[in-house]
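Undergrad: Chains W and Y, in that order, give the protein sequences.
Per the UniProt record's numbering, the first sequence runs over residues 1 to 379.
Per the UniProt record's numbering, the second sequence runs over residues 1 to 379.
Bear in mind the hints are in silico, worked out from the structure with no lab data behind them.
As the structure is a computational prediction, the values presented were derived from the model and not from experiment.
Where hints are given, some of them may not hold.
Reference excerpt, derived from the structure (chain W facing chain Y, CB under 7 Å, subset only) [claimed, not checked]: (1) 19; (2) 24; (3) 103; (4) 106; (5) 203; (6) 253; (7) 324; (8) 331; (9) 347; (10) 351.
Some residues of chain W that are not near chain Y, with every Cβ distance over 10 Å (derived) [to be verified]: (11) 22; (12) 108; (13) 173; (14) 178; (15) 190; (16) 195; (17) 202; (18) 235; (19) 249; (20) 319; (21) 323; (22) 367; (23) 373.
Beta carbons are placed, not taken as given, at the ideal position from N, Cα and C, and that holds for glycine.
2 protein chains.
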Amino acid sequence: MLKDSLVQIAINAREASNKLQYLTAEDRSFALNRIKAVLENKKRDIFKANEQDKQNADKLVKAGTLSASLFKRLDLESGDKFATMLQGISDIDRLPDPIGQITYSSKLDEGLELFRVTCPVGVLLVIFEARPEVVVNITALALKSGNAAILKGGKESILTLTALSSAIQSALNDTVIPPNAIQLVETREEIDALLDLDKYIDLVNYPAACNAAETLLIHRSILSSHLLPLVTALQNNNVLLHLDQESLSQLPPSYDTSRIQSCIPEDFDTEFLDLEMAVKVVSDVEEAIQHINSHGSKHTDAIVTENEQIAKRFMQGVDAAGVYWNASTRFADGFRYGFGAEVGVSTNKTHARGPVGLEGLLIYKYKLCGNGHVVSEFE
Amino acid sequence: MLKDSLVQIAINAREASNKLQYLTAEDRSFALNRIKAVLENKKRDIFKANEQDKQNADKLVKAGTLSASLFKRLDLESGDKFATMLQGISDIDRLPDPIGQITYSSKLDEGLELFRVTCPVGVLLVIFEARPEVVVNITALALKSGNAAILKGGKESILTLTALSSAIQSALNDTVIPPNAIQLVETREEIDALLDLDKYIDLVNYPAACNAAETLLIHRSILSSHLLPLVTALQNNNVLLHLDQESLSQLPPSYDTSRIQSCIPEDFDTEFLDLEMAVKVVSDVEEAIQHINSHGSKHTDAIVTENEQIAKRFMQGVDAAGVYWNASTRFADGFRYGFGAEVGVSTNKTHARGPVGLEGLLIYKYKLCGNGHVVSEFE
């Protein structure tokens, strides 16, 4: 039964996607503006749903099963969050139409012309985490780029997500875009079932790794001078540390190690997603690169050095979406890169890498216009 | 055991790929020239292997288990095939270096600069069919773009492939490129095992669909005037036809139907890969588009019409790598598009679509150079 209803969701999305191929930039712009207006009108309902989500989450925080930082991300009412979300729709609407751009053309023969033209990928399946406003960001990006989308957000914000997506669908009802262009699913089981329906789904964006630093590699030559101040600074900021034997041996015997552990090999393959970090001593940049390429997430890696040659070697050799020299890994974000709204940060090595915005939701097709041309004339 | 040796092949490829990141354009060019020279020197050994492959295949042709057209594709000796293969290496060598191109840059702040730079995808797994010279084409494309590759060709040309790849590895021995940058595997079972090793493999290119026309959709309004001449022309060229009921009913009672079958639904989802075609009557371009989007291979679809509006609608609505108007689908090929050598034609809708050449073997990374910049200053 679950399977049947998900096949229907996937078919709906594919049919909506087929219709989206024909729409003009004006059609898509009209829809974005309509969505913005309806969200504005339904602000009170959406806030009511958000209140309820926060009340439910608050119980989980008190029970110790939800972190305070996750709770904070649920909130859609504080400050100018809602207004920023709406402004995001207008920002995306104002971008140039990404569809139908000719990125290559060639006259193959008299009367035979080849064009490579940008077009939507088709049906996106997007899984994201706590922040409910992401459903609106992704809707705007998907429709601007002519894609249908099936969305799943964090279960803690389910009421807010439902309110937002029902506002979106009701807005689409007033446009030429089928409301099924944007559909919400709620459970992990539904995602598993949808992943089997790859006949209908063209692109899946999993939740991206976040941009917290997980591992610190420190050069042996500066161990005695730099380790202690570094560890102390991190400890003062409440970071739980996993130190390798060599760095551990550098701490004075009297050092307070209540927030310091001896690291195990698995620590270097772990995304702690918390105030937690592994520390390892390396003998040179080659060892650092090799460690990162074996254990890293391929998201973002940074080197701190005054030596330009070493920095260049690092940036050339490390296989990651972002490689930084003397800058915080927290810059790994579409907004900070100046790209505007993003779907997420990709650690893939095909299609889109790093922040994924409009460009990552497009592919191209080749259009060939002839006059009865056949190949044998070209042999 | 098989698993262990394949893990080793995959690790070898990954290590070679890591080394390839640092090589200069000159290093890679030197390797291509060396490969060309060694292939030239070992021409006699390679031809001997090819002779043996052809003798073995000839028995299969006589036993009726291998088609004559496949046999023809095995051959590397006839005409200027070998010379063309070597020339292909030089052609690829002469192309501009695709790596390290800055495709985007932005100054985020004083002393904080962001660059998007092209880089190799990493480790390619390429599965191709009968023509053994493909191993050389792909080697040249892979090395030019700084990628390592694991290759599997058709089993009928295994001796030729082994001779070619051992020549390639021996050539690489004289260069800074690790010989393991190009490795050959022989069986389907090895591919299955490699597909599980996605930690080491970044991109898989399956054999592409070929560009033979599989289905003819004919507009009802021209059925009585055009069907019979079409069917007769196809029959005269020995094409086995699968006609739907409506088109079948158009044939005169006396018509010779020994090479005509009544079509079944599965015919529209079948790649015949032979002189064979399904025929279906449609009432308009919308029905044609819907049929193609439900049953097509997403490779290439063509419309024959004098009506520009209909043609544009077709090219907009059909979801395929190539959409043609009044031109043969056999143009779907990197050489005919003027792109030079290709790895294959992609029917994917992400990363690369249509003919896949150098560009499809590249991705990018973001390089950020700062001066101790942290994010909090930007909040």
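Undergrad: All the hints need checking, so say for each whether the structure fits it.
TA: Here's how the hints hold up against the structure:
no.: 1; hint: 19; verdict: violated (9 Å)
no.: 2; hint: 24; verdict: violated (11 Å)
no.: 3; hint: 103; verdict: violated (11 Å)
no.: 4; hint: 106; verdict: holds (5 Å)
no.: 5; hint: 203; verdict: holds (6 Å)
no.: 6; hint: 253; verdict: violated (33 Å)
no.: 7; hint: 324; verdict: holds (4 Å)
no.: 8; hint: 331; verdict: holds (6 Å)
no.: 9; hint: 347; verdict: violated (11 Å)
no.: 10; hint: 351; verdict: holds (4 Å)
no.: 11; hint: 22; verdict: violated (6 Å)
no.: 12; hint: 108; verdict: violated (7 Å)
no.: 13; hint: 173; verdict: holds (23 Å)
no.: 14; hint: 178; verdict: holds (15 Å)
no.: 15; hint: 190; verdict: holds (22 Å)
no.: 16; hint: 195; verdict: holds (15 Å)
no.: 17; hint: 202; verdict: violated (5 Å)
no.: 18; hint: 235; verdict: holds (19 Å)
no.: 19; hint: 249; verdict: holds (29 Å)
no.: 20; hint: 319; verdict: violated (7 Å)
no.: 21; hint: 323; verdict: violated (5 Å)
no.: 22; hint: 367; verdict: violated (5 Å)
no.: 23; hint: 373; verdict: violated (5 Å)
Against the hints set out earlier in the document, violations occur for numbers 1, 2, 3, 6, 9, 11, 12, 17, 20, 21, 22 and 23.
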